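Let chain A serve as the given structure and place chain B on it in line with the hints.
There are 2 protein chains.
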Amino acid sequence: MNDEIAAMTLLTPPERVDIVEVAPRDGFQSIREPLPTDEKIRCIQRLIEAGVTRMEIGSFVSPRAIPQMADTGALVAAFADRAAMRFSALVPNLSGAELALAEGIRELVFVVSVSESHNQANVRRSVGQSLEELARIVELLEHEGNACLRLDLGTSFDCPYEGTIAWHQVDDVLSRARALCGDLHLEVALCDTTGRATPYQVAEHFRQLVARHQGPRLTWAFHGHDTYGMGVANALFAIHHGATTVDTACAGLGGCPFAPGATGNTATEDLVYALNGGQVYSGIDLSRLLAAADAIAALPGGQTASHLRQVPRDRVA
Amino acid sequence: MNDEIAAMTLLTPPERVDIVEVAPRDGFQSIREPLPTDEKIRCIQRLIEAGVTRMEIGSFVSPRAIPQMADTGALVAAFADRAAMRFSALVPNLSGAELALAEGIRELVFVVSVSESHNQANVRRSVGQSLEELARIVELLEHEGNACLRLDLGTSFDCPYEGTIAWHQVDDVLSRARALCGDLHLEVALCDTTGRATPYQVAEHFRQLVARHQGPRLTWAFHGHDTYGMGVANALFAIHHGATTVDTACAGLGGCPFAPGATGNTATEDLVYALNGGQVYSGIDLSRLLAAADAIAALPGGQTASHLRQVPRDRVA
Chain A
1 MNDEIAAMTL
11 LTPPERVDIV
21 EVAPRDGFQS
31 IREPLPTDEK
41 IRCIQRLIEA
51 GVTRMEIGSF
61 VSPRAIPQMA
71 DTGALVAAFA
81 DRAAMRFSAL
91 VPNLSGAELA
101 LAEGIRELVF
111 VVSVSESHNQ
121 ANVRRSVGQS
131 LEELARIVEL
141 LEHEGNACLR
151 LDLGTSFDCP
161 YEGTIAWHQV
171 DDVLSRARAL
181 CGDLHLEVAL
191 CDTTGRATPY
201 QVAEHFRQLV
211 ARHQGPRLTW
221 AFHGHDTYGM
231 GVANALFAIH
241 HGATTVDTAC
251 AGLGGCPFAP
261 GATGNTATED
271 LVYALNGGQV
281 YSGIDLSRLL
291 AAADAIAALP
301 GGQTASHLRQ
311 VPRDRVA
Chain B
1 MNDEIAAMTL
11 LTPPERVDIV
21 EVAPRDGFQS
31 IREPLPTDEK
41 IRCIQRLIEA
51 GVTRMEIGSF
61 VSPRAIPQMA
71 DTGALVAAFA
81 DRAAMRFSAL
91 VPNLSGAELA
101 LAEGIRELVF
111 VVSVSESHNQ
121 ANVRRSVGQS
131 LEELARIVEL
141 LEHEGNACLR
151 LDLGTSFDCP
161 YEGTIAWHQV
171 DDVLSRARAL
181 CGDLHLEVAL
191 CDTTGRATPY
201 QVAEHFRQLV
211 ARHQGPRLTW
221 AFHGHDTYGM
231 GVANALFAIH
241 HGATTVDTAC
251 AGLGGCPFAP
261 GATGNTATED
271 LVYALNGGQV
281 YSGIDLSRLL
291 AAADAIAALP
301 GGQTASHLRQ
311 VPRDRVA
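Note that the protein sequences, when read in sequence, are chains A and B.
Going letter by letter, the first sequence gives residues 1 to 317 in UniProt numbering.
Going letter by letter, the second sequence gives residues 1 to 317 in UniProt numbering.
The shape of chain A in the complex, shown without the other chains (with noise of 0.2 Å):
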């Protein structure tokens, strides 16, 4: 007994964890009808002031398919002079990682699902296809000194149409994109798209992938969903088994309007709620993101779901 709780009593929080905000991202797109772009500019700008660093701003998208985000260009334009900043964007092609260089964006994210069947129906490609768009991005990139490359690996644990995703399934579309990535700095982000992934799925396919992939210019995301109520456990597990940095949006911004019961990310709050108990360094002030996560919340047309807004402030802190 004593063996057992000395090997289980390892749950020392790390110093730091990197939270990426993906609300201007993740959340607004959920949006059907798009927000103006002064609206976002004011909510972007309530997520710094609460110490935000990292950002998925945007994508560089074609407008017809996805109008949300028509405006990217303009909001990095907009925060152009915030050098401490570090904004990234979701690429789907080639030209779309162009334009983002061209604006200014010096972190780019490509998403391949694991699973054929949700990357046909995401990205209308199948894996191996998206794989060649990432080569040609790849390439792009190492002409670009400073940029660097988050793969967003859709799926890696249950994908809608074919259900529970084994660790070696995420192994085999990693290896075939990191063969492509050279020297690039890559962080690889296991997403959790469904929401649908439990703690323990989450421990086992960080500690697989993890063991099998290292490098010094390699490093661990985890981005998830609290649809199923897993939301901080996931992140925490993931974070105890590699990963250093997490996707959230604050005021749990997301869900969508065909998946009845779905929601957004987990909610920025909440996490850092949980990482505040464990004195782990975020360098977000709780009680500036839940203004922020009010803004949020008061959008038209959005699907917010946070615990810790639910909860009297003065109970917060």
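Since the hints were made in silico from the structure, they are not lab data.
Partner residues are not named here, just some residues of chain A that face chain B (Cβ under 10 Å, in silico):
{"id": "1", "residue": "195"}
{"id": "2", "residue": "196"}
{"id": "3", "residue": "201"}
{"id": "4", "residue": "204"}
{"id": "5", "residue": "229"}
{"id": "6", "residue": "231"}
{"id": "7", "residue": "233"}
{"id": "8", "residue": "235"}
{"id": "9", "residue": "267"}
{"id": "10", "residue": "274"}
{"id": "11", "residue": "278"}
{"id": "12", "residue": "279"}
{"id": "13", "residue": "306"}
{"id": "14", "residue": "307"}
{"id": "15", "residue": "316"}
Derived contacts from chain A toward chain B, CB cut-off under 10 Å, selection only:
{"id": "16", "residue": "12"}
{"id": "17", "residue": "198"}
{"id": "18", "residue": "237"}
{"id": "19", "residue": "271"}
{"id": "20", "residue": "308"}
No experiment lies behind these values; they were computed from the predicted model shown.
The beta carbon of each residue, even a glycine, is placed where N, CA and C say it ideally should be.
For chain B alone, coordinates are given in the frame of chain A:
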């Protein structure tokens, strides 16, 4: 880096976790208008069909003070033939304990808060007076042979009046209580009464207390709420630091009409879902549990807070 990861990959799931279903006590008590006894029986029946084997079925308390619990004896009688069920009941004092034993309850739950101010508010006694009452109950139990005691340490992490509670405050009350308990089989529950505990705080309290209090007849439980979104994470962190039992309420039934935003105990179905993901045995069938949760959510006047119930049913298994 390798060493660090090796030290952090020990989140291997335990073989089993005991779940104590508390909806019939914490949950039904939260509904202002007492439920008809036959409604309660139908819900309890469904919970048993789902595989629940431990249940806090009610309280032996003044029916004037808490009319919602007046039929606890009738509920125990209705399930007297369920030899495999381990029913417990809350008893506030010696006469409640005598009533419970007379009705056939073998496991008595006694609550004392770690904070003086909450104990006064909750049971109108000082902690010292509660411990005197505990001594009388222990004396009664020592003559009973196969009876055992669950000690619920309220406000083990946070008090609504005094704020954060340090582990050594819990240690103090627990030490005084254990000195009274002799050879009794004792299950100690650290209760996050307000839901404000964080996973690292839960881990630290269990780590400190389990190290200081060991014995062949001592087991550990965690009782938590999901108000701050920490429910599942707190339960898992407790489990990985010595808790073998967790209290949860089907459908997350609970909340408090006087505390806006307060929610019930962590939903049983949310925890079972998390445990199933690690093949942790709880004995509970999730789809039957969700049927019970639907019945409980349909009770008039009940507030529920379950993530899993919001997910389309075909996406749960």
